[in-house]
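Spelled out from the first residue to the last, the chains are:
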Amino acid sequence: MLAVGLTRGWRAPLLGAAAALVSLGALVVFFGELIVTHVPESGLKLLVGTLLLLFGLRWLHKAVLRSAGVVAMHDEERAYQETVGQLREAAAGRDWVGFVLALKGVFLEGLEVVFIVIAVGGTGKSLPVAVAGGVAAMVVVAAVGVAVRHPLAQVPENTLKYAVGVVLTSLGTFWAAEGMGAKWPLDFVSIFALVIIYLAASRIAVTLIRRPVLA
Amino acid sequence: MSFLRAAASEVIGLFVGDWVQSATIVVILAAGWFAVSHLGAWALVPLVLLLAGQVVWFARAEARRSSR
Numbered sequence: 001m002l003a004v005g006l007t008r009g010w011r012a013p014l015l016g017a018a019a020a021l022v023s024l025g026a027l028v029v030f031f032g033e034l035i036v037t038h039v040p041e042s043g044l045k046l047l048v049g050t051l052l053l054l055f056g057l058r059w060l061h062k063a064v065l066r067s068a069g070v071v072a073m074h075d076e077e078r079a080y081q082e083t084v085g086q087l088r089e090a091a092a093g094r095d096w097v098g099f100v101l102a103l104k105g106v107f108l109e110g111l112e113v114v115f116i117v118i119a120v121g122g123t124g125k126s127l128p129v130a131v132a133g134g135v136a137a138m139v140v141v142a143a144v145g146v147a148v149r150h151p152l153a154q155v156p157e158n159t160l161k162y163a164v165g166v167v168l169t170s171l172g173t174f175w176a177a178e179g180m181g182a183k184w185p186l187d188f189v190s191i192f193a194l195v196i197i198y199l200a201a202s203r204i205a206v207t208l209i210r211r212p213v214l215a
Numbered sequence: 216m217s218f219l220r221a222a223a224s225e226v227i228g229l230f231v232g233d234w235v236q237s238a239t240i241v242v243i244l245a246a247g248w249f250a251v252s253h254l255g256a257w258a259l260v261p262l263v264l265l266l267a268g269q270v271v272w273f274a275r276a277e278a279r280r281s282s283r
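Line order of the protein sequences matches chains A and B. All residue numbers for the first sequence refer to this note's numbering, where the first residue is 1 and numbers rise by one. All residue numbers for the second sequence refer to this note's numbering, where the first residue is 216 and numbers rise by one.
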């Protein structure tokens, strides 16, 4: 969004981002309400828990490989500079290029947030709170982007994704097992034990496969 | 059309990176479901250990693949 705005002007990318946000909001309202009102609780927990587990383990897997130096850390600064370079090379003029790029970027990145909001809000029967959390995160990211006019290169992205991967994997395991009819000892306190177990497993994996850090 | 394709592959990509790993997770969950219905909460211990174990297994497998 910053790359498009700074190279092609702000009107088209802002419209593209707004269109993407409206589409994402519609997804949350439609699927959130559908799930909360029509799916039985145990089935919902099993389905959402399984999806959350797959989603969280995917993040955790990538974070482990990055931490161990098996794959390069995601470099926001380089990705930003590459996008700026491509946009400067592209023929200037047609505003829809900026519109589509911003729409695509915001929509595709936002799908992950939409899934987390629907999964957490739908399973916990607290969709408005989950939506508020998602909106607050979006406002913070937008505010930082506007304030520094620079990609969020200073944010330790891999550490954040590592932590979120562990938490989502733990929540997914907790809900999937509840959906199967299991009762966790100490109820939701078990989530903390799951966090410790997944964190320990991921650190063992990092230790076993560690290589010199790639740039 | 290409946007819809990109969105569809992005949605699938949210949950599946390595099809073998995803299938393994689903099989562990299915076995866990069966075990929970017969053994109750005790089945949660092997379920969690298997899920945690596959994190280590598939990370090592990918590290080996990428070193070739």
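No wet-lab data here; the hints were simulated from the structure. The structure presented is a predicted model; accordingly, all values stated were derived computationally and were not measured. All C-beta atoms in this analysis are idealised placements derived from N, C-alpha and C, irrespective of residue type, glycine included. Mixed in with the good hints there might be a few duds.
[As the list claims (entries may be wrong)] Beyond 10 Å from chain B on every Cβ pair, some chain A residues (computed):
#1 Gly25
#2 Val29
#3 Leu46
#4 Ala182
#5 Phe192
#6 Ile204
[Said to hold, decoys possible] Stretch by stretch, here's where chain B covers chain A in the computed footprint (C-beta under 8 Å, at least three residues):
#7 12 to 23
#8 51 to 59
#9 129 to 140
#10 170 to 181
[To be verified] Looking from chain A toward chain B, a few residues come up when the C-beta cut is under 8 Å (computed):
#11 Val64
#12 Trp184
#13 Pro185
#14 Val189
#15 Val195
#16 Tyr198
#17 Ala205
Against the structure, the hints come out as follows:
Consistency note on Gly25 of chain A: stated as away from chain B, and its beta-carbon is indeed over 10 Å from all of that chain's, at 16 Å minimum. With a least beta-carbon separation of about 18 Å from chain B, Val29 of chain A lies farther than 10 Å from that chain, consistent with its non-interface assignment. For Leu46 of chain A, the non-interface assignment is contradicted: its Cβ lies about 8 Å from the closest Cβ of chain B, within the 10 Å cut-off. The non-interface label for Ala182 of chain A is inconsistent with chain B: the shortest C-beta to C-beta separation is roughly 5 Å, within 10 Å.
Against the 10 Å criterion, Phe192 of chain A stays outside the reach of chain B, whose nearest CB is about 13 Å from its own CB. The Cβ of Ile204 of chain A sits about 6 Å from the closest Cβ of chain B, inside the 10 Å cut-off, so the non-interface label is violated. Using a Cβ-Cβ cut-off of 8 Å, 0 residues of the segment 12 to 23 of chain A lie near chain B, which falls short of the minimum of three, so the contact claim is violated. Closer than 8 Å: that is the beta-carbon criterion, and the segment 51 to 59 of chain A has 6 residues meeting it against chain B, so the requirement of 3 holds.
Coverage of the segment 129 to 140 of chain A by chain B is violated. Counting CB-CB distances below 8 Å, 0 residues qualify, and the rule asks for three or more. Under the rule that three or more residues need a Cβ within less than 8 Å of chain B, the assignment of the segment 170 to 181 of chain A holds, with 5 such residues. With a least beta-carbon distance of about 5 Å to chain B, the hint placing Val64 of chain A at the interface is held under the 8 Å criterion. Annotation: interface hint on Trp184 of chain A holds; nearest CB of chain B at approximately 7 Å, less than 8 Å.
Hint on Pro185 of chain A holds. Least Cβ distance to chain B is approximately 7 Å, under the 8 Å limit. Interface hint status for Val189 of chain A: violated, as the beta-carbon distance to the closest one in chain B is roughly 14 Å, over 8 Å. With a cut of 8 Å, the hint placing Val195 of chain A at the interface with chain B is violated, because the nearest CB-to-CB distance is about 11 Å. The restraint placing Tyr198 of chain A at the interface with chain B holds, with a minimum CB-CB distance near 6 Å, inside the 8 Å limit.
With 8 Å as the threshold, the beta carbon of Ala205 of chain A comes within range of chain B, its nearest partner Cβ sitting at about 4 Å, so the hint holds.
When held up to the earlier numbered hints, the structure conflicts with 3, 4, 6, 7, 9, 14, 15 and fits the remainder.
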